[in-house]
Amino acid sequence: IQLTQSPSSLSASVGDRVTITCRASQGISSYLAWYQQKPGKALKLLIYGASTLQSGVASRFSGSGSGIDFTLTINSLQPEDFATYYCQQLNSYPITFGQGTRLEIK
Amino acid sequence: EVQLLEFGGGLVQPGGSQRISCTASGFIFSNYAMNWFRQAPGKGLEWVSAIAGGSDNTKYTYYADSVRGRFTISRDNSKNTLFLQMISLRDDDTAVYYCAKRGSFGSASYYSFDYWGQGSLVTVSS
Chain A
4 IQLTQSPSSL SASVGDRVTI TCRASQGISS YLAWYQQKPG KALKLLIYGA STLQSGVASR
64 FSGSGSGIDF TLTINSLQPE DFATYYCQQL NSYPITFGQG TRLEIK
Chain B
35 EVQLLEFGGG LVQPGGSQRI SCTASGFIFS NYAMNWFRQA PGKGLEWVSA IAGGSDNTKY
95 TYYADSVRGR FTISRDNSKN TLFLQMISLR DDDTAVYYCA KRGSFGSASY YSFDYWGQGS
155 LVTVSS
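First to last, the protein sequences are chains A and B. One rule links them: number in our numbering = place in the first sequence (from 1) + 3. One rule links them: number in our numbering = place in the second sequence (from 1) + 34.
One or more hints might be untrue.
To be verified - A few chain A residues that face chain B, going by a derived Cβ cut-off under 7 Å, partial list only: (1) L48; (2) Y51; (3) Y89; (4) Q102.
Calculated from the structure, these hints are not laboratory results. Idealized CB from N, CA, C, for every residue including glycine.
Isolated chain B, as found in the complex (with noise of 0.2 Å):
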């Protein structure tokens, strides 16, 4: 069965730093992209940032203007474990944030998230 849990929620006080995980399992972590999205309260789904699958996935990484420069992805395949590291963090970062399994590469499913996780609460407030 394949699980997603996110970790590291918590309260920041604005300009502050926090690191979220996801911890994998139920397939192989080092086959797929995985990638981040959030949610305000009360508000609608973003999509925050993409990293590849495959043997050298560190090289494509994607973000939305909105947290380029401030957050970084990354993920450690021997621990079925991806990253999110926010820095500079703002009122307006305040959201749930889900890790998503995207579905399996050259396949029709690859444009589409199959597994999320239930989400991490990251506040930030003063």
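Just chain A, with the same shape it has in the complex (with noise of 0.2 Å):
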């Protein structure tokens, strides 16, 4: 299952709102996760099921979709929310990871 993310890179201001987009190739129901990833720290899960706000994630970021197409929100962007964001489906194998989308700062 392929995923396309867009978009690719993405300038935006502190304070801002800004959407991410994630399409897949075929159905995945809600089995789509969001991950942020900044040099040299861990991978951090951001949202599962599409929707659901990991444990420990500021409220400012919320995902949305089904099926096919997907969104991550990020509320009132903050210094430390640039960074790379990643979709990933867990529908099935092999799991697969849109290519990306670079979120700097304007």
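Bring the two chains, given one by one in their own frames, into a single complex with the hints.
Following this line, the structure appears as structure tokens:
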């Protein structure tokens, strides 16, 4: 199952709202997770089940969608949110990822 | 506190072998499925292999097409350690290798990886 993530990069300012999309090549129900990656740090799970916020993750992060189309929204961007974000499908093996979205400071 | 620490990366020649390991702490290791992922320099994330948790987990292993027949995933629950044995290594196996813990079987979080290690770099080069 291929995941097409967009945009591949995004420039935004602190306080902005941003949305990242992830489209699956076939239906994956809600078996989608979102992760944040920062250089030199372990990946961080943000969202699982397409819309469930992982414990300890800031409430400005939210996810939505099912089937084929999914979104990750970050409300009121904070300085620590500038990172790369990946969607991941776990509907079937092989587990696959979107190509990533690099979120940069404008 | 859950911790995953990878070991064993380094420089290996094409065609060579390497074994990397991941030591887990802070959770009941045997109960959880564990996976390996990798990330080539400047590239995205790629799933590599999975092994089930539970009492007879050695039966259930899965591999990406790119590594099947060359890589073997295993675990030693008595030592809370996950392994990835790699043979016939190629240049395109060069990557940071991450171990990750899958969420609890039977819960919604099963469809996610809630903890990741910081990775171990394997470089395949002559």
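Here is how each hint holds up against the structure:
no. : hint : verdict
1   : L48  : holds (5 Å)
2   : Y51  : holds (3 Å)
3   : Y89  : holds (6 Å)
4   : Q102 : holds (5 Å)
Violated hints are absent here; each numbered hint is respected by the structure.
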